[in-house]
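Produce the complete structure using the sequences and hints provided.
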Amino acid sequence: MGEVREKTLRELAELDEDQRPLCIVIPPTTQPFELKPGLIHLLPIFKGSSGEGPRKHLKDFRMVCDSMRPHGISE
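Count along the sequence shown from 1, then add 598; that gives the number in our numbering.
For the record, the hints were derived by calculation from the structure and aren't laboratory data. Take these hints with a grain of salt, some might be off.
Below are the DSBU-like pairs computed for lysine-lysine, each with C-alpha atoms no more than 35 Å apart in a straight line [what the hints assert, rightly or not]:
id : residue 1 : residue 2
1  : Lys634    : Lys654
2  : Lys605    : Lys645
3  : Lys605    : Lys657
4  : Lys634    : Lys645
5  : Lys654    : Lys605
6  : Lys657    : Lys645
7  : Lys657    : Lys634
Below is the structure:
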């Protein structure tokens, strides 16, 4: 039998695939809405490099989305 490889602290801290919460929940809407092309250009670009923080990217993304919420659409 092969030896069991020791896990790094990073691996121990990560959630397993089945333990990760779903981060995108699409609420039901009663009104149609349209995302304008100008909004897309305002969104931050995430490339996944080592210097980028995914949490900061999501925070910036949400801030832009919250500032451009279409009329009649709640959070």
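Consistency of the hints with the structure:
Between Lys634 and Lys654, the direct Cα distance comes to roughly 24 Å. Compliance with the 35 Å bound is thereby established for this hinted pair. A distance of roughly 27 Å separates the Cα atoms of Lys605 and Lys645; the hinted pair therefore holds under the 35 Å criterion. For the suggested pair Lys605 and Lys657, the alpha carbons sit about 30 Å apart, so the restraint of at most 35 Å is met. Between Lys634 and Lys645 the CA atoms are separated by roughly 23 Å; this keeps the pair inside 35 Å, and the hint holds.
For the given pair, Lys654 sits about 27 Å from Lys605 by alpha-carbon distance, which is consistent with the 35 Å threshold. Distance check on the hinted pair: Lys657 and Lys645 sit about 15 Å apart at the alpha-carbon level, within 35 Å; holds. About 21 Å separates the Cα atoms of Lys657 and Lys634, which keeps this hinted pair within 35 Å; it holds.
Every hint, counting from the list given before, is met by this structure.
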